[in-house]
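> Following the hints, complete the assembly by docking chains B, C and D onto the known chain A.
Heads up: the protein sequence lines correspond to chains A, B, C and D, in order. Each residue of the first sequence is one higher than the one before, counting from 1 in our numbering. Each residue of the second sequence is one higher than the one before, counting from 1 in our numbering. Each residue of the third sequence is one higher than the one before, counting from 1 in our numbering. Each residue of the fourth sequence is one higher than the one before, counting from 1 in our numbering.
Just so you know, the hints here were simulated from the structure itself, not pulled from any lab data. Don't take each hint at face value.
For identical chains, the list gives no copy identity; a pair is met inside one copy or between any two copies.
As the list claims (entries may be wrong) - Here are the simulated DSBU-like cross-link-like pairs (lysine-lysine), alpha carbons at most 30 angstroms apart as the crow flies:
no.	residue 1	residue 2
1	K278	K206
2	K63	K202
3	K8	K146
This structure is a prediction, so every number in the text was calculated from the model and none was measured.
4 protein chains.
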Amino acid sequence: MGSVFGNKVKISVFGESHGTGIGVVIDGLPSGERIDMEELYAQMSRRAPGGDKTATPRKEPDKPQILSGMIDDVTTGAPLAAVIYNTNTRSQDYGNVMSSPRPGHSDYAAHIRYSGYNDIRGGGHFSGRLTANIVFAGAVARQILKRRGIEIAGHIYSIGNVSDAPFDPVGIPQELIDRLNHEKFTLVDETKEQLMRDEVEKVRIKGDSIGGVVECIIQGMPAGIGEPMFFGVENVISSVVFGVPAVKGIEFGSGFMGSRMTGSMNNDEFYYDGDTVKTVTNNHGGILGGITSGMPIVFRAAIKPTPSISIQQNTVDLQSGEDTVLTVHGRHDPCIVPRAVPVIESAAALAVINML
Amino acid sequence: MGSVFGNKVKISVFGESHGTGIGVVIDGLPSGERIDMEELYAQMSRRAPGGDKTATPRKEPDKPQILSGMIDDVTTGAPLAAVIYNTNTRSQDYGNVMSSPRPGHSDYAAHIRYSGYNDIRGGGHFSGRLTANIVFAGAVARQILKRRGIEIAGHIYSIGNVSDAPFDPVGIPQELIDRLNHEKFTLVDETKEQLMRDEVEKVRIKGDSIGGVVECIIQGMPAGIGEPMFFGVENVISSVVFGVPAVKGIEFGSGFMGSRMTGSMNNDEFYYDGDTVKTVTNNHGGILGGITSGMPIVFRAAIKPTPSISIQQNTVDLQSGEDTVLTVHGRHDPCIVPRAVPVIESAAALAVINML
Amino acid sequence: MGSVFGNKVKISVFGESHGTGIGVVIDGLPSGERIDMEELYAQMSRRAPGGDKTATPRKEPDKPQILSGMIDDVTTGAPLAAVIYNTNTRSQDYGNVMSSPRPGHSDYAAHIRYSGYNDIRGGGHFSGRLTANIVFAGAVARQILKRRGIEIAGHIYSIGNVSDAPFDPVGIPQELIDRLNHEKFTLVDETKEQLMRDEVEKVRIKGDSIGGVVECIIQGMPAGIGEPMFFGVENVISSVVFGVPAVKGIEFGSGFMGSRMTGSMNNDEFYYDGDTVKTVTNNHGGILGGITSGMPIVFRAAIKPTPSISIQQNTVDLQSGEDTVLTVHGRHDPCIVPRAVPVIESAAALAVINML
Amino acid sequence: MGSVFGNKVKISVFGESHGTGIGVVIDGLPSGERIDMEELYAQMSRRAPGGDKTATPRKEPDKPQILSGMIDDVTTGAPLAAVIYNTNTRSQDYGNVMSSPRPGHSDYAAHIRYSGYNDIRGGGHFSGRLTANIVFAGAVARQILKRRGIEIAGHIYSIGNVSDAPFDPVGIPQELIDRLNHEKFTLVDETKEQLMRDEVEKVRIKGDSIGGVVECIIQGMPAGIGEPMFFGVENVISSVVFGVPAVKGIEFGSGFMGSRMTGSMNNDEFYYDGDTVKTVTNNHGGILGGITSGMPIVFRAAIKPTPSISIQQNTVDLQSGEDTVLTVHGRHDPCIVPRAVPVIESAAALAVINML
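Just chain A, with the same shape it has in the complex (with noise of 0.2 angstroms):
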C-alpha cells in the first residue's frame, strides 16, 4: 500500500522496471483543467536519461499514453491514468532468484519484504525508472497549480562539494523560475557547470558516483495553508520527497544550519509590504507552525549518491549463506541529482496540491 500517496488528490504509481509498463493513476484532479502536452513532455524529457543541457521537448521513447481523464487535452476530472510501455521487458522465464544484493541498493530488504517474490531485475519497482510516474504526475499537478498562481522551481544546490548559488529565500524573479524550469542541468550560477561535470567527471573514471543536493522553492503560496502538527507542510512535502529514491534527508529554511543559530538571527521579523505581511528574512522557509507564512517555501534535499558502481564491492550470497563479492556490471549514471532535480520539483507539486 506504499505506492499511494494523497489525501485530496491521490496518486497510485505502479510499474516494474522490466515489467510490460509502468504508469500512475491521479484522482482527484478539478475538471476543465487544460494541460499543455508539450510542455508536460518537456517537463518529464528533463528528467529522462541521455540527452543535452537544455530540455526541449523532443521524440521522446517513454511518452506516456493517457488512458483516462481527459479528453483534447483538458482534465474531465475522472481518474487521470497514463502508462509508459516498457521497451526492455523481462523474458517470461528468466529467473528471477536474487543471490547477491547489490550494497545500497534495495536488493536485500526488499527480498525480505516480499519473501523473494518481487521482480529483481533493474530494480523492479524500486528503480529509479518509476520516478517518470512522478514527473508526470507533477507536471500535470504544476500546470494548475501554475494557473492558480504558485510556481515551483528548483536547482542543483551541489554535487560533491562544489556548490551553486542558493536561491534567495525570500524570492526569485520569474525570469529565472522560466529558465529554470526548462533547463535539464539545472544552475541559478551557470558558471559553476563545468565544475560540477568535472567532479563527476572525476568519480565516473574510477568506475564510482556522487550525491548532491536538490534545493527548491514554492512561490506564490498564500499563507494560512497547512495544518498543525501531522499534516503540516514540512510533515506532507517530506512524506512525498522521501518517496524519491536516494533522498535521505530533507530540511526547510535555515534547516540544519538553523539549529547552530541563535533565536535573534533565526527568527525572521515581519514587515508591510504595503498591505502584505512579510518576512525580511525567510529562514522558517514559508512555514511557521505547520502552516504557510506566505512567504516562499524553501526545502533541500540530500540525495544519496547512486550505489550503482562498478567497483568490486563484498556482500553475501543468500542462496549459498556465505559472504562473497560482486562486481556490477552496465553503464551506470555516475551522477543522478540533475535528473532528480524535475522528480523533487515534482514531488513538491504533488504535495502542495493536495494541501489546496
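Coordinates of chains B, C and D only, in the frame set by chain A:
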C-alpha cells in the same frame, strides 16, 4: 484535521496551552499490554519543564488522567484516552486578539489560517506543551515495542556548535540505551554536558536562545518492514517528527553528509554475522528503498532555536496595519533541545508502531 | 483504529461504559463557528435515557465538559474535545472475565477480537452509551451545516409493525423540521405515538424487545457534492451510520422497494422549477452516481431489536467450554428506536460535513 | 478522490466508457500468490455482457492486460496494474456537451460536479463498464482469500417480485459455492430461472427495465475480525458495495426484516459445535458489534432497475434552460441483476481483504 496521525494506530491530539486541558486518544493499540505507569511518568518527566539532570518519577503536576482504554494498567483494546488538565487556564473574557505576531512563532500563520479565531494565549494549539501528549502516547508505544524487541534511544547530538559523541550507527549497547532513556540531559559523552550548558548560558544572559540537533536510534527492527515510495520508513518517521514544533530538518543515516560522498564510501557492504545479514557500516540508516534492512534505524532532527527571546524585535501590528516593535516578556527556556529528546524518541515510536 | 472516522473532519471517539469517562475529539472544524450550547444539550437530551416526550434543555447529568477547541462557545479551529465522566465506574479490582456471552451482543466477538482483555461491564466500548459522543459531535456539525443552509431531520419510521407517515421525499416543510428536531418521540404523524407505545409495551411485559426503522432527510444539500464510486454520498453516509450500534441495514431513496420496480416507475423525471433543476419524484434519494442531485437526501436505517432481554437464553460458558443458559437481569430499554433518531441524524451530519 | 478505496490493500480504479481504456491498480497484495488467470477470466466472463447461462473461459474481447505486479502469474508484491482497452472509443472532436440528462442516471449530478467537463459518452467514468475493474480486482482477491479458507458466493435473490431460495444463513455446502461461482444466471433454486427470465421479458418488450436483489455469503471468516464503530465489517463492506452503480440499499443478516422482530426472535443463541462456538440461527449475519462472530457473513444489496429505458421521459434541456422530452435509443440490458452478482461478490472480497 492535522492533529490526527496514523493508520494502524491512530493518534488524535487535542488541547490548547491555556484551555481546560490537553490530551490524546490512541486508537488501535493491541489489547492485553501492561503499561508500567511509573516508567511512563518517568518519560513524561524527561520532557517536563524544570527539574534536575536525571528524570526520576516524582510528583508530577502534569500527571495525565486515563479516561478509557485500560483496566488495572492493562490495555483493553479500546481507544486509550488521557487528559492533562491545565492549571494556567484562560479566563472566559480575556481579549483573544492577535495584534503583534512574534517572529519565528506560528502566530501570524495561525491567525490567517483560523481567521483570527484561534486561541493565542501561550501559542494555543501550537504550544510546545502539546508535546506532552506525544510523549505520553510514545511512552505507551515504547513499552509495547520493547516487548517485541524494539528499543529507541535519543541524545543531544549538538547544541549550537557543541557536539556530543555520535551514536555508533551499527548499534549501541543495551546499557547505554538504559542510561539514556532515564536522563533529562541526555548525552553519550557526559563530559560534554558542561560545555553545552555553557553554550546555553551564553545566549541566556543575552535574552537569546539556541538550537541543536537530536539524534535517535531504533534498535531491534526486523528486516523487511516498510513500504516502497510514499509509506517508506523515512516517509512515515518524518511525517511524525515534523509534527514536533521547532523541527526544521531530518536526515537518515549519512544524510546530508552522504550527499557529499562517493558511492564507494557511502555504500554499506553486506556480510554474514552467523546467519544474520548485516552491513559493515550503516550509512543507509537501516533503511533501503524505504524498507528496513535489519540494521538500526538512525536519524537526526534539526531543532531551531526557540523563537521565544526577550530581545526586542521588529514585527507588524495586525490591528493598525503598521510596522511596530515587540518585546516578549516572561521567563523563556533558552534551549529546548534537551527536552526535545524524549519527544523525538516518542515520535519515532509512534511511527514504528504504525508500521509493524 | 475503528473508532476514528473522517477525512476533512476527523472524529475520534473513546470511552467504555463503566470506565472513567467517554468522549470525542473533533479535528478539522472550521474556526469562528458559534455553537449554541443549549441547543447542543437539547440534542443530547433527545438521546439520553429516561425523560418525557419533548426534549427540553434540562439538568443533564451527562453534560459534556469541553476540554479544548472553543473560546466562549466559538470554535478556535483546534480540535474540539469533550469528555463526559461516567458516574457508574468500575472498581479497580472487579473480575473482568467473560463467561457467558449474551446472544445478539458484541460480547463473544469482542472477546475473541481482544483476547479477553476488553472491558466487558455494560458492553465496554461497544455500549450504546458511546453514542452520546456521536450526538455531541453531530450536534456541533448540525449547527455549522444549518448556517450553510443544510438541515437534517429524522423520525421513527416504524417500530415493529407500526409505521409513521413517511417523509415526503421531495421535501418537508421547515416547521416540520423544527418540530421534529426538538422531540424525543419523533413522529411525522403524532397520532401514531400511542400505537407505537402499545407495540413496545406488548414486548416489555414479556421481558422482550422490539426493533424499528429510522428515516432521515437531509435538506439544502447543493447539487454536485460527493465522489464517484467509493466516496459517493451513499458510501460515506453508510460508513458512519453502520457505526451506530444495532443498525443492520440502510437504504437510500426507494431502496429495497425500488428493486421490485420497473425503470419507468423508479426513474425520477427532471423539470425546471424556475432556474432550478428538480425531479418530480425522489426515488433516487437525492443521490445519482454517488453525487447529490440537489434533491433532499433520504435514507432509512434498520435498527435491530435491542438484544438486552430478560428472557432466559441458551449460550456457552467460555470458561468451562460447555453450553449453558443465561438470564440477563436489570432494567432494559425494550425499544431503542426513539433514542436512535438523534444518533442517526448526527451520523448523517458527520458524514455530510466530511463531504462539503 | 472517490475512485480509490482501501487501507491495507488499495484499489485505484480508472477509465471512461468510451475513452482509451479502463483499468485498476491494486496496491498492497501479498507477494508470492499464484493467480489462476483462467479462473480470473471466468469471473470476468460472468459479468461480461452477452453470453449464455454458464460462464466459461472464452475468447474475451475485454481481456485485461497486466502491466505490472506479476511474474509468470505470481504476484511480486508491487502494485498489480491492469488495463482493458476500449474498442468503442470516442473520436477526438465529438461534441461532449450534455443537453438532456437521462432520468435515473448520473448525468445531471456529474454535470454539476464536474462543471460540464466530464466525459458523457456512455456514462463516462460512471458507466457500468467500470465494474469490470472491480471484478478483476475482486477475482484476484478471492483467489488469495480462498487460499486462507475464505470463500464468497452470491446469487440472484430476486428479480422484481420473483425470488430465489435464500441462502441458509448458517452456511451453505461447498458444492453449492462451486456451482454458483461458475454460473452467469446464478440461482440456488434453478427452477426459478424461467420465472425470472419471464419477468425480465415482460418489461423488455415494453422498453422498460426491472431491478432486483443480490444476496451474498462469505464463509470461512475467522471470528474476531473487524473494528468497532466506523471500521466494522458492515461499514467496510457497505462502503465498497455502494461503489457498485445501481446499489441503493444493503442489509446484513435479518436486516430490515429484523427491525420488525422481537429480541427473542432475532437474537442468535450460542452453542458449542465441538470446540467451536456457533450460533443456532444467524440473524446477525456473522457480525456483532462490527466484528465477525465466526458465522458466515450474509448480506443483501438492492439493485435499482437500470435507468436505461427506451420509453419517452420528461427531462430538462440544460442548454436552453427549458423542459423537454427524451427518448433514449439503443439496445439496453433490461435487467442487470444477473451480471451484478459477480460484481457484488468482488466488492465483498475487496472489503474482506482489507480487514484481514
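> Each of the hints needs a verdict: does it hold here or not?
Hints versus structure:
no.: 1; hint: K278 to K206; result: between (49 angstroms within a copy, 26 angstroms between copies)
no.: 2; hint: K63 to K202; result: neither (33 angstroms within a copy, 52 angstroms between copies)
no.: 3; hint: K8 to K146; result: both (18 angstroms within a copy, 25 angstroms between copies)
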